[in-house]
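Chemist: Chains as they are written, first to last, in my numbering: chain A, 1 to 358; chain B, 1 to 206.
It is worth saying that the hints were derived from the structure and are not from the lab.
There's no promise every hint is true.
Below, simulated DSS-like cross-link-like pairs (lysine-lysine); rule was C-alpha separation at most 30 Å, straight line [claimed, not checked]:
1) B/8 x A/113
2) A/343 x A/355
3) A/113 x B/115
4) A/183 x B/93
5) A/176 x B/93
6) A/183 x B/115
7) B/8 x B/43
8) B/51 x A/113
9) A/208 x B/8
10) B/203 x A/208
11) B/203 x A/183
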Amino acid sequence: MKSYTQTPPGTQILIGRAARRRRALERAICSVFEGWSYEEIIPPIFDYYDVFAKGWGQEEQIYRFIDREGNILALRPEFTSLLAKTVATRLASSPKPIRLYYSGEVLRFEQPKGGRQREFAQIGIEHYGGAGKRADVEILLVAVETLQRLGIQSFQINLGSVDFFGGIVDRMELPKEQIDALKEVLNIKDQPGLETLLQTLPLEDRRKNILRAVPHLTGGRPVIEEARSLVKNPRSVEALNHLEEIYSIFEKLDLAQHLTIDLGEIRGFDYYTGILFRAYVRGLGFEVAGGGRYDGLPAAFGEDVPAVGFSFSLDRLEQIVTPTLDSADVEIATVEIDSDFDKALQLRKAGKAVKLCW
Amino acid sequence: MLVIALCKGRFLEPSLELLAGAGIRFSEDVASSRKLIFESQDKSHRVFLVKPADVPTYVEYGAADIGIAGRDVLLETRADVLQPLDLNFGHCKIVVAGPAGGNGIFPPTIRIATKYPHITMDYHTARGIPVEIIPLSGSIELAPLIGLADRIVDVVETGRTLKENGLEVLEVIAESSARLLINRAGYQTKREEVRGLIQALEKAVS
């Protein structure tokens, strides 16, 4: 078999019903974003490699190439670096906040997993110029409405903050390798692994006990209280105050059942600076959306603007039954071939769909 | 209902004992039946049996909410799952072994026979040692004896098999034992059930 008969690993072709479903999903989500006054941005599919290396960081996953002038370019592995750069340059003098949404394919060199290929479709929003909880709550509400619009009832948004854990390890003054090792065991809630690691760390018992508690700090409001009894450092306390305010707003809106506080959730790209969240749908083994705050990112491109956003994975949403999208097919008039195409044109002018029979 | 993936083979009996300790019992004899899927007596759990190396995959994809598998298998599959508990059975070591009393001279590229190509590669890459991996699915100890490989990477419990084949442990890569695996999404969307089971198992283990 010739290798060109197959598509390269990690790519796929959507035809007919699958393509219609993709577009219907995309349109439904865009209409929610537009309903919250987010403007579409269509960035290029490739840009200078440095944009992504500097912004996103995961260098080993970037598809890069060299153009005829010797510039190193890269296929976009995500949208956030591209948008942050645009906001910091082209849109630097625009009034804030700036609300943007995007939809398109991104490319990453990684093992295909959970329905996500090397080329996969992301759709998301970014809010620039809002520093506090109001922008955080706004984008969380857009995420909630998006899931509801798709007819998904049972979903959870898992909300954490890089500052809670950051405040704890700041005080410990550990070398970077040890912090990375800690993150690695906490990311998979590996208790035995954590115990083994703690034996090698020069920390007082009180601090070790904080780290032991971190993987369990997940749930509703009581989790915030429990965490308060553990930490005193200002950065962690500030993070708890912030999460509690967001949680209170969700309670008042009667949406708290969809929100889980998870202080053990510290996974994420290096650019995250504040809240951090992922959305899960019952019955699907992988997250469908992820996002957070990345205040430092626009500054890396020359303009210090606070920023927060999220993206949905269309490939994963497609695996969920979304009843509101399975619309009826358009009625099509079947037209016998007439030599001058007269009948077909008349039907088209009348706004009817036609299908010529050969 | 929570779905649990268990390993066929030597892990099955201790896994079922632990589940029974956590209050999950089955009317049928799971270990001797030819069926692959079983429901617990109170219908709150469903268990299915697969090959050990496949358990992390079922859990990572959410086909099972929970699984029980060895840490060796987890390291090899690199599955992204939560691993909150050491279940305290199936203890063994993942080791590099070679002919006993070797002369210490090894070729520029070491040929290593193993069932664990990823673990072998990660370990040697981190140390800058060039290796050629010879993937085998059983009787790994044979490879150095008949000149197929210079060394092996495998799990050992007592070391008796190695000794009987004239091999010795050269380096220990990692300790392994049975772990509880949990799907990340299930941990969030079925939180009460999942955490209830973790706590019950934690008690049963200790």
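Chemist: Each of the hints needs a verdict: does it hold here or not?
Modeler: How the hints compare with the structure:
About 25 Å separates the Cα atoms of residue 8 of chain B and residue 113 of chain A, which keeps this hinted pair within 30 Å; it holds. Restraint check: the Cα-Cα separation between residue 343 of chain A and residue 355 of chain A comes to about 11 Å, which is no more than 30 Å; the hinted pair holds. Note on residue 113 of chain A and residue 115 of chain B: the hinted pairing holds, with a Cα-Cα distance of about 23 Å set against a maximum of 30 Å. A distance of roughly 24 Å separates the Cα atoms of residue 183 of chain A and residue 93 of chain B; the hinted pair therefore holds under the 30 Å criterion.
Restraint check: the Cα-Cα separation between residue 176 of chain A and residue 93 of chain B comes to about 28 Å, which is no more than 30 Å; the hinted pair holds. Simply put, residue 183 of chain A and residue 115 of chain B have alpha-carbon atoms about 29 Å apart, close enough for the 30 Å limit, and the pair holds. Using a Cα cut-off of 30 Å, the hinted pair residue 8 of chain B and residue 43 of chain B holds, with the two alpha carbons roughly 22 Å apart. Proposed proximity of residue 51 of chain B and residue 113 of chain A is supported: the alpha carbons are some 20 Å apart, at most 30 Å.
Between residue 208 of chain A and residue 8 of chain B the alpha-carbon distance is near 38 Å, which puts this suggested pair outside the 30 Å criterion. For a cut-off of 30 Å, the pair hint linking residue 203 of chain B to residue 208 of chain A stands: about 22 Å separates their Cα positions. Our distance criterion of 30 Å between C-alpha atoms is met by residue 203 of chain B and residue 183 of chain A, whose separation comes to about 26 Å.
Hint violations for this structure: number 9 only, all remaining hints satisfied.
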